[in-house]
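There are 2 protein chains.
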Amino acid sequence: MSVYGGIETGGSKWECAIGTGPDDLRAQVTIPTTTPSETLDRVVAFFERESPVEAIGIGSFGPVDKKLGSPTWGYITSTPKPGWANTDVGQQIRRRLMVPVGFETDVNAAALGEHRWGAAQGLDTFCYITVGTGIGGGGMTHGRLLDGLVHPEFGHMRIPHDHEADPFDGVCPYHGDCWEGLASGIAILERWGRPPEELAEDERVWALQARYLALGLVSVICVLSPERIVLGGGVMRHPQLLPLVHREVVALLNGYLESATIGDGMGGYITRPALGSRAGVLGAIALAERT
Amino acid sequence: MSVYGGIETGGSKWECAIGTGPDDLRAQVTIPTTTPSETLDRVVAFFERESPVEAIGIGSFGPVDKKLGSPTWGYITSTPKPGWANTDVGQQIRRRLMVPVGFETDVNAAALGEHRWGAAQGLDTFCYITVGTGIGGGGMTHGRLLDGLVHPEFGHMRIPHDHEADPFDGVCPYHGDCWEGLASGIAILERWGRPPEELAEDERVWALQARYLALGLVSVICVLSPERIVLGGGVMRHPQLLPLVHREVVALLNGYLESATIGDGMGGYITRPALGSRAGVLGAIALAERT
Numbered sequence: 040m041s042v043y044g045g046i047e048t049g050g051s052k053w054e055c056a057i058g059t060g061p062d063d064l065r066a067q068v069t070i071p072t073t074t075p076s077e078t079l080d081r082v083v084a085f086f087e088r089e090s091p092v093e094a095i096g097i098g099s100f101g102p103v104d105k106k107l108g109s110p111t112w113g114y115i116t117s118t119p120k121p122g123w124a125n126t127d128v129g130q131q132i133r134r135r136l137m138v139p140v141g142f143e144t145d146v147n148a149a150a151l152g153e154h155r156w157g158a159a160q161g162l163d164t165f166c167y168i169t170v171g172t173g174i175g176g177g178g179m180t181h182g183r184l185l186d187g188l189v190h191p192e193f194g195h196m197r198i199p200h201d202h203e204a205d206p207f208d209g210v211c212p213y214h215g216d217c218w219e220g221l222a223s224g225i226a227i228l229e230r231w232g233r234p235p236e237e238l239a240e241d242e243r244v245w246a247l248q249a250r251y252l253a254l255g256l257v258s259v260i261c262v263l264s265p266e267r268i269v270l271g272g273g274v275m276r277h278p279q280l281l282p283l284v285h286r287e288v289v290a291l292l293n294g295y296l297e298s299a300t301i302g303d304g305m306g307g308y309i310t311r312p313a314l315g316s317r318a319g320v321l322g323a324i325a326l327a328e329r330t
Numbered sequence: 040m041s042v043y044g045g046i047e048t049g050g051s052k053w054e055c056a057i058g059t060g061p062d063d064l065r066a067q068v069t070i071p072t073t074t075p076s077e078t079l080d081r082v083v084a085f086f087e088r089e090s091p092v093e094a095i096g097i098g099s100f101g102p103v104d105k106k107l108g109s110p111t112w113g114y115i116t117s118t119p120k121p122g123w124a125n126t127d128v129g130q131q132i133r134r135r136l137m138v139p140v141g142f143e144t145d146v147n148a149a150a151l152g153e154h155r156w157g158a159a160q161g162l163d164t165f166c167y168i169t170v171g172t173g174i175g176g177g178g179m180t181h182g183r184l185l186d187g188l189v190h191p192e193f194g195h196m197r198i199p200h201d202h203e204a205d206p207f208d209g210v211c212p213y214h215g216d217c218w219e220g221l222a223s224g225i226a227i228l229e230r231w232g233r234p235p236e237e238l239a240e241d242e243r244v245w246a247l248q249a250r251y252l253a254l255g256l257v258s259v260i261c262v263l264s265p266e267r268i269v270l271g272g273g274v275m276r277h278p279q280l281l282p283l284v285h286r287e288v289v290a291l292l293n294g295y296l297e298s299a300t301i302g303d304g305m306g307g308y309i310t311r312p313a314l315g316s317r318a319g320v321l322g323a324i325a326l327a328e329r330t
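Taken in order, these protein sequences are the chains called A and B.
All you need for the numbering used here is the position in the first sequence, starting with 1, plus 39.
All you need for the numbering used here is the position in the second sequence, starting with 1, plus 39.
Hints are supplied without guarantee of correctness; some may be wrong.
Repeated chains share a single entry, so a pair holds when one copy, or any two copies, can fit it.
Unchecked claim - Pairs of lysine to any residue, SDA-like flavour, derived with a Cα cap of 25 Å:
id: 1; residue 1: 120; residue 2: 49
id: 2; residue 1: 120; residue 2: 291
id: 3; residue 1: 106; residue 2: 139
id: 4; residue 1: 120; residue 2: 187
id: 5; residue 1: 106; residue 2: 310
id: 6; residue 1: 120; residue 2: 290
id: 7; residue 1: 120; residue 2: 239
id: 8; residue 1: 52; residue 2: 213
id: 9; residue 1: 52; residue 2: 83
id: 10; residue 1: 120; residue 2: 289
id: 11; residue 1: 52; residue 2: 77
id: 12; residue 1: 106; residue 2: 182
Simulated from the structure, these hints should not be mistaken for laboratory data.
This one's a predicted model, so the numbers in the text were calculated from it and none came from an experiment.
Given these sequences and hints, build the entire structure.
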């Protein structure tokens, strides 16, 4: 059985793993995100030190250039993260480690992981959405990863914002109160003055959060008609949140979309990732398999 | 060359045509939408009277059941249009005319028409959106028509609604101020008391309309990352509207999505249908070709 490498790049850390799947990870390392050259040197050193791999998959924070044939394929492009704009990741890994490289958005990689081994097995059209520091979305249509002119940026949809009920202006440097601007982990921290994990007891926090998440999910449902939505990320770890989101989505759809799947209280329709926080790096391994 | 039939079903009229494409339509008829049995009898009579066809494509108003293998495949399902809920269209046409039948949403059929002969030729991922009596959207990802759990319902996304600037509550019987509820032709009529064609001189009307359309388009762009958006329907015939929509979309994206295509003033990115109001029935013929 061939052995693959996976890299999940993140704004605070990079996860690297070598193996064949969730039950067979032979080496793993977490590398803090510092400068591009230092971070990439450590990644390269890890793969040079460990067993050889057939191919490497990379799921990256972005925006990224994943257009095959583009001169900047494999780059992180216009990220606001200091020092990281226009950073070559994919081509550098390919050149330095001399292996085929697959390059995707972090959320598409996580979607692929859930499709290969997790909560989206056997589905043709589904979404993976992460609600953490930011909000990102990926997924598949017709069994292929979402793609297009650039790549999806679910987090930057606009949603209704009642300024009277919630005078908070939002945290997105580009759009203020877009979905991510209102409902990301950073938005929660800035609005309430404390991080989500310190607000567990405050029902107002989670009622508002569920409402905002549901408003964005309804747009995703109306545009893509996914067969399932896998909803991950740190903010979703709050145990009361997912049931509240289910209730809000049902209320917002108001019976319009007839489907036994949706009607069924949403429990199977909007669901947690089966791979948990490993969806990204495992998805990167699944991407390597396909490369 | 094989000859195909196309049917575009609508809430007020059905368009039927026989031919091979936009430059070779051999017979056409417009049938008013009355009762299901009367309307379908006239459609069947048209095809029986005219030359035989290899197959028939149907692009239908909905919601519809287009799941292959479903017992109600080819049905118009939960439409609020009186008398038309749970009406068998596709199976009846196939049985009575004894030809293969392809069945799609009206907007997916129009998208297919634009892909085959119009403004979306050669694209893999694009949308066709119609702004008329209602708002509907279809399109392709990876060269295949949008599909999923049910089918897309772009019109029922929620968008920001500033009740102070626009106290109008929206016209959607399910959701009030969803995208269709705020920005469809009916919404314009109800909000301003006159139909869009009598409001040509009123700049407030078109500024607000462009804003609402752009808000929905941004959600579509963030979820699908289409290579192009074809924007048709009666409301879009107002000549000042499309340039205003371009401006609003650019303002809302605020430089976040880097792409030469989007940056270029939007003229080639959000565009009119090349087949005009014939996109639907021609798309139905293109659907028959594929059946």
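Hints, one by one, checked against the model:
In this assembly of identical chains, the alpha carbons of residue 120 and residue 49 lie at most 25 Å apart only when taken from the same copy (10 Å versus 50 Å across copies). With identical chains, the CA atoms of residue 120 and residue 291 are at most 25 Å apart between copies only, with a shortest distance of 22 Å across copies and 35 Å within one. For the identical chains of this complex, residue 106 and residue 139 are intra-copy neighbours only, at 16 Å inside a copy versus 38 Å across copies, given an alpha-carbon limit of 25 Å. Proximity of residue 120 to residue 187 under the C-alpha cut-off of 25 Å is restricted to the intra-copy arrangement: shortest distance 24 Å within a copy versus 35 Å between copies.
Proximity of residue 106 and residue 310 under a CA criterion of 25 Å is satisfied inter-copy only: 23 Å between copies versus 30 Å inside one chain copy. Taking the shortest alpha-carbon separations for residue 120 and residue 290, only the inter-copy value of 23 Å comes in at or below 25 Å, while the best intra-copy value is 37 Å. Proximity of residue 120 and residue 239 under a CA criterion of 25 Å is satisfied in neither setting, with 29 Å inside one chain copy and 46 Å between copies. For a Cα distance limit of 25 Å, the shortest separation of residue 52 from residue 213 inside one copy, 24 Å, qualifies, whereas the shortest one across copies, 44 Å, does not.
For the homomeric pair residue 52 and residue 83, the shortest alpha-carbon distance inside one copy (15 Å) is at most 25 Å, but the shortest distance between copies (64 Å) is not. Taking the shortest Cα distances, residue 120 and residue 289 sit within 25 Å of each other only across copies (23 Å), while inside one copy they are farther apart (37 Å). Taking the shortest alpha-carbon separations for residue 52 and residue 77, only the intra-copy value of 12 Å comes in at or below 25 Å, while the best inter-copy value is 66 Å. For a Cα distance limit of 25 Å, the shortest separation of residue 106 from residue 182 qualifies both inside one copy, at 18 Å, and across copies, at 16 Å.
When held up to the earlier numbered hints, the structure conflicts with hint 7 and nothing else.
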